[in-house]
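Protein chains in written order, with my numbering: chain A, 45 to 437; chain B, 45 to 437.
Just so you know, the hints here were simulated from the structure itself, not pulled from any lab data.
Errors might be hidden in some of the hints.
Stated by the list, open to error - Derived, one-sided and incomplete: chain B residues facing chain A with beta-carbon distance under 8 Å:
#1 Asn69
#2 Ala73
#3 Phe74
#4 Ala146
#5 Ala390
We treat Cβ as the ideally placed atom computed from N, Cα and C, and that holds for glycine.
There are 2 protein chains.
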Amino acid sequence: MIYLDNAATTYPKPEKVYEIMDRTNRNCAFNTGRGSYKIARELNNLIENTRDKIVNLVYGDCHNVVFTPSVTIAINQIINGLEAVNSKNDAVVYVSPYEHNAVARTLALLKDKRESINRGLIIRELPINPETLEIDLDKVKYDFAMEPPTLICCNHISNVTGYILPVQSIFEYGTEYGSINILDASQSLGLVNVITDRANSHFINADFIAFAGHKSLYGPFGAAGFITNNKYKLAPYIAGGTGSNSLNLNMPEEITVGQEPGSHNIVAIAGLNAALDNIERNTIEDVYEYEKELTDKLIDGLKKNRNIKLYLPENMYNHISIVSFNVKGYKADEVGRILDEDFDIALRTGYHCAPYIHKWLHSEEYAGTVRASIGRYTTEEDIESLIEALEEL
Amino acid sequence: MIYLDNAATTYPKPEKVYEIMDRTNRNCAFNTGRGSYKIARELNNLIENTRDKIVNLVYGDCHNVVFTPSVTIAINQIINGLEAVNSKNDAVVYVSPYEHNAVARTLALLKDKRESINRGLIIRELPINPETLEIDLDKVKYDFAMEPPTLICCNHISNVTGYILPVQSIFEYGTEYGSINILDASQSLGLVNVITDRANSHFINADFIAFAGHKSLYGPFGAAGFITNNKYKLAPYIAGGTGSNSLNLNMPEEITVGQEPGSHNIVAIAGLNAALDNIERNTIEDVYEYEKELTDKLIDGLKKNRNIKLYLPENMYNHISIVSFNVKGYKADEVGRILDEDFDIALRTGYHCAPYIHKWLHSEEYAGTVRASIGRYTTEEDIESLIEALEEL
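Bound conformation, chain A alone (with noise of 0.2 Å):
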């Protein structure tokens, strides 16, 4: 099988991540926390080092890492425990056009329960050039001027396009109103450089960037979390035992404590801890270089293909590993069916969990896209193979 499915999870993974999780669910599968054994307090330094270990890789010396099991969760516990959005006060969200359904639905249900209690939630789209499908920066900013933002969340890549968003400067032109700002680094963690740090020149004001263990950092399903500057106090959102002060009520205050209620998923952060021993800061830049190229590689072919309508962001220096398109006459799953059956070749057609972006893409007609996805084990002859049995059709 050629896995062009990359941005649904990442496959395969090292082999020292299934080695590790393997070993851990045989020998150390124990839950962990106080008032416990020497076995299950050591899981505890493997936990510590693997936040270590993700906030050394954003350069974040005063970030914390909350783990969860899964980045939609996360970003549920970022959006519902922020007093900003919560409080009596009316609050002003932007969302990129290039949401995902776990910022997206988040805030709309969000939205209809302060309605259901008459509290205000507006929910704008920052602006688009609809011909070049990128951030209208200048926009951005007189938006923000007539309407100063409360919060803004933010995709890092699209996982429909592939477009790498302005987020420096959008959190930065959020940040002179005093936004919160929320980064959503499911496709970009590992891939691209996320900086935390105020002194570097790279520096993303983001106050949450939340990732996705299983995508571009190629570790498991189930280890996902948030990483915060600690900047604004997140109010818990799911409850439950923390292993601490268990006679009282309420959860405790401590951020990660706090945040991570029940059993840790100590096979998962396991693998996770494995999987980031292969990203580094410096070998970073070696892996966007490689899949660029493949890209590029996959974009050329497509490009010579007339049947074929690609949707990218215009400036080619934007754009990263995801590339959406149809087949003039096909719907987006009937090509997919037919790279699958006919061509082992596996990718994913549909909208993506992107309810905004479509509109602007002009993709309903196809039922959506056809999207591959590259991954750090895509090799030139997957590409070559998609285009040619594209070629095919």
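Guided by the hints, dock chain B onto chain A, whose structure is given.
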């Protein structure tokens, strides 16, 4: 190491669980769902098959199973999704004094939120007899008559004392007043019969049964959920992508899809599926008898030790697997440390995330209890070692 912490998580798991998880990880840890390739679609069958096995285990022909990453999240989704305790009207919730913080803190958080918008949530503890440490069923009837329950949350087996609560009667009494009944079967599913078939005389009238795959079901971390009889709709509490109807900002209404946002942890679900092969309705009693024998052996041994204070229900017919105790002159965690360091016995000490019960156990002077918990793979020798170690203290 002698492992007596099965109430935290069972260990080891059946060999097949490890094998299938490793195989799934290596060969098909894909993102399931629509608009994808054959293997990813086939993983849906694995998920559906796992639901079927759970439903079959509880004789629940008309029931649905929702998967969540942890039982804590399952309970949060149920409690926060129920119209009856989230509407404008005040609600009365009864909890057993044996509840875990997954229930207790979730209710406390909901109560706080409701009070902040001038809505009521009255939380009452089901009455227990302080001598027998058992639920006082006569008084339950009286309390329900005086203040009828909107919702009842009841643990099936206490994770502190191993007490099997009379959930059949409690839910039966509550149902007379139209209560919604939530059973926390974290410690019981797979170990004692949980029967949802109305025609069966042991029928437990639970509307929601929350389960933890990694405890008495011998599956891995990451696969948990709840069973529902579909009598009560749940509003979404956690929102996100569902791979379906993506342009719609509302979560789908369908119970499973609408409650399972984000990627399924297919590796964990595959592990749970394998674990369920080892648990058949007709073998539950054999496992129960085996664990009961070991439990009684442990209790007999501990009773001979004059320094030991046991925390048990009066009627030993209502008890299984979990034995809490203290040793006079020692704090609970001192005993745990000595057993760990000097005898290589792993068990757990403290309050075990159960906030209410310790006032009835009077265990605060020991800072909680020492808890030995027996599993399917515990041996007589393990029990003897613990008894002997405690005699040497």
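Here is how each hint holds up against the structure:
no.	hint	result
1	Asn69	holds (5 Å)
2	Ala73	holds (7 Å)
3	Phe74	holds (6 Å)
4	Ala146	holds (4 Å)
5	Ala390	holds (4 Å)
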